[in-house]
Each structure stands twice: as C-alpha cells, then as structure tokens.
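Number of protein chains: 4
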Amino acid sequence: MLTYDFKKRVRYGETDKMGYLYYGQYPLLYEIGRAETMRHVGFTYQKMEDEYKVMMPVVEVEARYLKPAKYDDELIIRSIMEELPTRMVQFKHEIYNHEMSLLHKASVKLFFIDMETFTRTNCPEDLQNLLRPWF
Amino acid sequence: MLTYDFKKRVRYGETDKMGYLYYGQYPLLYEIGRAETMRHVGFTYQKMEDEYKVMMPVVEVEARYLKPAKYDDELIIRSIMEELPTRMVQFKHEIYNHEMSLLHKASVKLFFIDMETFTRTNCPEDLQNLLRPWF
Amino acid sequence: MLTYDFKKRVRYGETDKMGYLYYGQYPLLYEIGRAETMRHVGFTYQKMEDEYKVMMPVVEVEARYLKPAKYDDELIIRSIMEELPTRMVQFKHEIYNHEMSLLHKASVKLFFIDMETFTRTNCPEDLQNLLRPWF
Amino acid sequence: MLTYDFKKRVRYGETDKMGYLYYGQYPLLYEIGRAETMRHVGFTYQKMEDEYKVMMPVVEVEARYLKPAKYDDELIIRSIMEELPTRMVQFKHEIYNHEMSLLHKASVKLFFIDMETFTRTNCPEDLQNLLRPWF
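Chains as they are written, first to last, in my numbering: chain A, 1 to 135; chain B, 1 to 135; chain C, 1 to 135; chain D, 1 to 135.
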C-alpha cells in the first residue's frame, strides 16, 4: 500500500459565502494528491500525457464531507493507493486540517486512455514498476 | 417526484488541458441544478440563508463520469428529488449534452443547519409546503 | 460600435468568505461576454478554433471594481466593441446588477494566433464581415 | 521596498482547452502572492479580518499576459510592495516559470474596509510597523 501526504493551504478564492472551502474545490485537492503521489514515486502526470500518450480521466468519485475546511488552514491531503493499478487506478483521499482532524474522505477511480485511439489501455509498465515496491 | 431541467453552457475557463469540462466543475453544476429547482418551486437558497437562517452544507457526493462534456456545449442539468426533504435532502442529477446523450450522473446529500446554533435542523416548513404537490 | 448584454447569475461557488463574487471570477464574466457577443453576430469562438485554426489569447486586462456583486444576483455583462478587430481585438465590459447599478468596468485586449504556426495573424475575414454592419 | 517570492504549481484544473493556465486564474496567484508576503512579515490576512475587523477588497487590477504558463510548471509569484500601505495598498506581481522567464505582470490596488461600518479605514498600525523595516 502506498500512502503519501501533501500540504495545500485554503485560499480566499476557494472559500464561499459560508466562510469555508467550497465543496466543489475538493476534486482539485484529489488531483493535487494524485499528481504529487505520482511525482513522489518518480513519475509525473505530465510525462504520462506527453511521453506515454496516455490520459487519465476520472470515472467515479465518492465523497463524504465530515467537517468544514477553513480559510488559510494548511490542509493535509493524504492519498492512498491500495492496489497496483492495472486497467484502472483507485485513489483514496483523506483531508485533514493542521490539527489532524479528519475533514473529508473520498474515493476516486480513473481509467487509462490511449490519447491516439481514445480507447482504454493499461497503466504504463514504467509506472507499475516504480509503484511495485509498495505492494 | 420533482424533476427540473436547467441549461448551462460549458465555458472556456471550465475546460482543462484534455479539452473537456474539468471533472471538478461538476459540483458547480449540481449547485446550479438544486438552486434553480428551488427557484422553480418558488423558493430561493438566498432566502433560506437570509430569512430562515438555515444553510445547506453538502455531506455526500457520489458521481459517475460517463462521457466528456465539450467546450461551448449547452448542457442540460436534470435535478431529481425523489422524496420530500425532512432532516436532510437528496438530489439526483443527470447531465446531458444538447443531443440528450447522458454524460454524467450524481447523487448529492445535504443537511439543514441552523446558522445560529450550528446544529442540524429540519427543512423549513415553507419549503416543504411548496414541494408537497410533487410528492 | 457593437454593444451586447448577456445575463449571468452569481453562484455560491463563485462567492468568497467576504460574501461577494470573488474578484478572480470577473475574467470568466468577460469570457462569457465576448463569447456571447460573437454568437450574437453569427460566429462562435469554437468555430474560430476548430474551423479557422485561430485562437485568441488575452494579452491585457484593466479592471476597476466599483461595488461588490452579491450571491444569486443576475448580473448583466455588457460587452462593447468600439473598433472593428484587425490585428487585435479590444472588448470593454461593464457589469451591472439587476438594478442596473454599475459594479465593475474592464478593458480586455486579445491577439489572434494561428494555431499551426503559433504566430500572430489577423481577425478572420468572415468574422470581420459579420461585424462590419456595426461600424 | 519589499519583495517576496512564493512558488505555486499549475494544476490540471487550472489549465484550459488551449493547454495553458487559464487567464482567469491569475488573480488567484496575486492573492497567494499578497497573502504569503503578509505571512512573511509576520502578519496574516486571516488575522486582519478576525482580529482587526478589516477586509481588503481589490479595487483595481492591471495585467499584462506575456507568455503562457504550462501545466505542472512551478511558477514563481514575485510580489513587490513599493510603498508602505496607508489608505490603500498596491502590490506589483511578476510571474515567472521555473526557468525564470517572465510570463506575466500585474498591479493590484486594494482598500482597507472596516468590517463593522463598511467604510474605508487605514492599514492597521501593527501591519505598518511590521512592514516599516523594508521602507
């Protein structure tokens, strides 16, 4: 299992009239979490698109909003990969505030799409090899 | 059951590098759908906060991304309320493109929170009365 | 001179902790204004990219924030084109609330870029011809 | 004169169909720049609102877009304060990519507004005192 924490501060433009992080901003947090998890193992999503010609559209999101996130709080985006990605990849995310109180939980599924044929493909082997030590 | 359709065009700033509507923009579509559904029955979310001192934080989202939404497409946000809201409210949303091809499905649960005590409360009776004819 | 008004409601996700439309949301309003002005004369920005292979990056923005825009207010985005576009195009925008109180003024300059050579080009003649009656 | 650099990576959700950072995302960069500049001198915008009951709405933005910012690039947001803030504050911002190529320049003016009377006020003395060593 691979777990990676990355910090992200809540900005004014990301809050709403309620005074908290807008509920529609959380998918950006998941994106940051998975991009930084890939970077952590030595890969980047940019490379996936530019060199491997594979893109990763999200196909499913399940999210639970437990407590609000406040302006200027430095959130911890925990990203968890429980299985080595093959035909698809699943990330679980837990969002904590700076006191490590759990604010939000989500599960996100993504496919691998060949950018030339627009059909489903496998996770690039090079990424699988970089991930293997955790599984 | 209450069903309401509202149109929303995909803007450039809402697309991403993949060329499609960014997956994190969908929660804004749900927000538009539920706000316009409330307006359709004669209520507004603004009134909920300003007059009834009740806010409606989202507590759960489940979303399936079926097909991408394209720049400048005039999407149809279908909002479906299957049960009269009491302690919480659930909206189902279906997003169609202008050819009525189903792109996206979601289910969103919201609580009613008393803005003075910050505790859970019921759906305001006035809104329930406006909604009752559909149930 | 060409002037065109288009309505856009302020959404919850576009407000910030101050309770008003976030100042960084205004460029999206300008985008909506210019896209709908082009559609009004019989052209679309989508066609510009897809058929004419020309894109229009913004090169300059000057904006004055006069009064805040409130949640759920139906804003009027007034777009003004004072000169027929040639090597570049300039839009002036005035944002009004539903009581026609002026909230915001902006001026936006855009270039025409050939998407194959990535060099500057002229406004497509077909768009100029559609615009000519106003000048 | 006070100058402060802060890094911010371009996220997928912040790009648009053109493949670059959407032009409407730059105001968020200015916000990040000024918030982090204040934090750098020992103050926070959160404290300004919560303890001093002063908010800082933006009243003017002038921006020049020189070169596009790319996905995943780690931008440098340079914030420059040329004068000690009194009745208003002006920030100049320069955005560089990781190769220190200048992509964008902007000038942003903000007022200080008393959150109880909604009238203009001065920059809090405590912030002025923290800033004085640079001027």
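Think of the hints as simulated: they come from the structure by calculation, not from any bench. Incorrect hints may have been included.
Heads up, the list lumps identical chains together, so a pair's fine if it works in one copy or across two of them.
What the hints assert, rightly or not - No more than 27 Å apart at the CA atoms, straight line, and that leaves these computed lysine-lysine pairs for DSS-like:
#1 Lys109 x Lys53
#2 Lys67 x Lys53
#3 Lys92 x Lys53
Since we're looking at a predicted model, the values are computed, not measured.
Structure-based check of each hint:
1. Proximity of Lys109 and Lys53 under a CA criterion of 27 Å is satisfied intra-copy only: 19 Å inside one chain copy versus 34 Å between copies.
2. In this assembly of identical chains, the alpha carbons of Lys67 and Lys53 lie at most 27 Å apart only when taken from different copies (19 Å versus 39 Å within one copy).
3. For the identical chains of this complex, Lys92 and Lys53 are intra-copy neighbours only, at 25 Å inside a copy versus 35 Å across copies, given an alpha-carbon limit of 27 Å.
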